[in-house]
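Colleague: Residue numbers (our numbering), protein chains in the order written: chain A, 1 to 329; chain B, 1001 to 1329.
It should be emphasised that the hints constitute simulated quantities derived from the structure, not laboratory data.
Any given hint might turn out to be false.
[Stated by the list, open to error] Capping the alpha-carbon separation at 20 Å, the derived lysine to any residue pairs in SDA-like fashion look like this:
id, chain 1, residue 1, chain 2, residue 2
1, B, 1168, A, 290
2, A, 168, B, 1082
3, A, 168, B, 1089
4, B, 1286, A, 244
5, A, 168, B, 1168
6, B, 1286, A, 243
7, B, 1168, A, 283
8, B, 1207, B, 1241
9, B, 1093, A, 243
10, A, 168, B, 1291
11, B, 1029, B, 1045
12, A, 93, B, 1100
13, A, 168, B, 1186
14, B, 1207, B, 1191
15, B, 1168, A, 92
16, A, 168, B, 1096
17, B, 1093, A, 111
2 protein chains.
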Amino acid sequence: MHILIIGAAGMIGRKLTSRLIADGGLGGKPVTALTLVDVVEPPFPAGFQGTVNRSAEDLSTPGIAAQCLADRPDVIFHLAAIVSGEAEADFDKGYRINLDGTRYLFEAIRQAGLVQPYTPRVVFTSSIAVFGAPFPEAIGDEFFTTPLTSYGTQKAIGELLLSDYSRKGFFDGIAIRLPTICIRPGTPNKAASGFFSNILREPLSGKEAVLPVSEDVRHWHASPRAAIGFLIHAATMDLATVGPRRALSMPGLSATVGEQIAALRKVAGEKAVALIRREPDPTIIKIVSGWARNFDTPRAKALGFVAESSFEEIIRAHIEDELGGKIGG
Amino acid sequence: MHILIIGAAGMIGRKLTSRLIADGGLGGKPVTALTLVDVVEPPFPAGFQGTVNRSAEDLSTPGIAAQCLADRPDVIFHLAAIVSGEAEADFDKGYRINLDGTRYLFEAIRQAGLVQPYTPRVVFTSSIAVFGAPFPEAIGDEFFTTPLTSYGTQKAIGELLLSDYSRKGFFDGIAIRLPTICIRPGTPNKAASGFFSNILREPLSGKEAVLPVSEDVRHWHASPRAAIGFLIHAATMDLATVGPRRALSMPGLSATVGEQIAALRKVAGEKAVALIRREPDPTIIKIVSGWARNFDTPRAKALGFVAESSFEEIIRAHIEDELGGKIGG
Chain A
1 MHILIIGAAG MIGRKLTSRL IADGGLGGKP VTALTLVDVV EPPFPAGFQG
51 TVNRSAEDLS TPGIAAQCLA DRPDVIFHLA AIVSGEAEAD FDKGYRINLD
101 GTRYLFEAIR QAGLVQPYTP RVVFTSSIAV FGAPFPEAIG DEFFTTPLTS
151 YGTQKAIGEL LLSDYSRKGF FDGIAIRLPT ICIRPGTPNK AASGFFSNIL
201 REPLSGKEAV LPVSEDVRHW HASPRAAIGF LIHAATMDLA TVGPRRALSM
251 PGLSATVGEQ IAALRKVAGE KAVALIRREP DPTIIKIVSG WARNFDTPRA
301 KALGFVAESS FEEIIRAHIE DELGGKIGG
Chain B
1001 MHILIIGAAG MIGRKLTSRL IADGGLGGKP VTALTLVDVV EPPFPAGFQG
1051 TVNRSAEDLS TPGIAAQCLA DRPDVIFHLA AIVSGEAEAD FDKGYRINLD
1101 GTRYLFEAIR QAGLVQPYTP RVVFTSSIAV FGAPFPEAIG DEFFTTPLTS
1151 YGTQKAIGEL LLSDYSRKGF FDGIAIRLPT ICIRPGTPNK AASGFFSNIL
1201 REPLSGKEAV LPVSEDVRHW HASPRAAIGF LIHAATMDLA TVGPRRALSM
1251 PGLSATVGEQ IAALRKVAGE KAVALIRREP DPTIIKIVSG WARNFDTPRA
1301 KALGFVAESS FEEIIRAHIE DELGGKIGG
């Protein structure tokens, strides 16, 4: 089985690659080749015995998508995107990468299929940014997509294209809307959502973190481990059971910042919690107030997607996956 | 005031042009210039005293959109599209005309605004085809768009783009989802929805019509007169009251074929009804079974959009507007 990952150098792309290598296969079939593409060259997939193609390419350059498909991968993970803040700041770049890039990929698959039958599985990571406030108490599976960012608009368009190309039989696609990934590994970044991870990850390593909002802020989370689980399940499940509505909100955990901190206290003690410094930031408070707080995802759950059910579980997954099982500090 | 109509040669485009000329103005301002564009040259707007530009152009040809905007129209009606059946049969053409054409237009407006401030009103006709079965009993304002045709996909994407361009301040846009237009003037056509109009229009002129479905089929209708009313209102209303969710399902009338026929009986008598010949068509029965039957449109109604409330009213509008007030036969 040949797997193509577009966006392979990102956090999710690297974790997915590692998981595929650790599993040795996908859906019971051995992985014999990996094509890893990103705007920067993805790292060499350590421990993989099969054929590896790595390349630094921009999917929004015409012709690149066809090139990525040259060896007709069986499964395509399309994770590549520029993030919300950048798509908002640079309108042209956001549409070029997130919309044109995605459309070029879908169209290149269709064109390859016109030459010789070809209907790969396509897994596209969408986002809860396809929804825009005001929201119901919990966003259900049939709530409309009225994004309030260009990024969310581009993801919603990607979902529509994916469903239409799948309906026409050009490929077999599924779009999964990831919750905010928490705890994001790495170092604190400037993303408005960064603090949800920072206030757990940094104290778990004995470092200070800044909390810019109040403890009653509620948001929607899943661990990196759960996100990779969604991707693997999306790549292997029977899509006939999904029907023509190919965009799904993934399950997750709705929790307040206060609940996050309580879970940190339980797992790592008061010493860790004491490292959280409260510094209200009006800009972040305003941005976050427009974000989804809770979802109701019966479809994805019935289809077998599984997320964490407590923040302790999310923290323990981070300690196992990122800290070698030990709380630092 | 300068008005641009793209898709000006179609049924709605011609009726809109006539209405603007009859009204003499739009939103209290005199119409001084009309630019009429379509893939075939739109007819000369009889009775109009102002400047007229007519041209046969394909909006999906790069550069054409900018050309249409050369004189910076104040209001732009974007009605152009290839219809559902053709977009389904010719995938490339559907995306080229309905998606690329629309995006070129929106982008040309943005580019014009980068040269010199320019934020015209843009009215985009969308369709109830953005929705796909299964439906709730009545489709509400917050129901998700999961089209089951490429046409519906292209319209849903147009809505998303329009909302994002409007949110960014590149223009002031509104997308209105028209019900099925009934009674469509002209001659019977092959569109699967044609019979909804045929079974009224033809008997009103003393001609036979074929009914391919059973009388309990329910659908969502508005007259051409109501549709033009929606367009005028969309072009003149205060969009600040609409907020960022710029795509609206228009009000309409949910009626069964049996109710249509009862209204025909009331207005034109048993003689007219006797001209309807029942010829069940399994293909049309299947297509129509996937169509929306009813909507609940509180947002559009609160914003002042008005449709008919009975099929008698729809039939009488047709007799006044198309038959000079007289039932033929």
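Colleague: Taking the earlier hints as the rules, which of them does this structure contradict?
Modeller: 5, 8, 9 and 13
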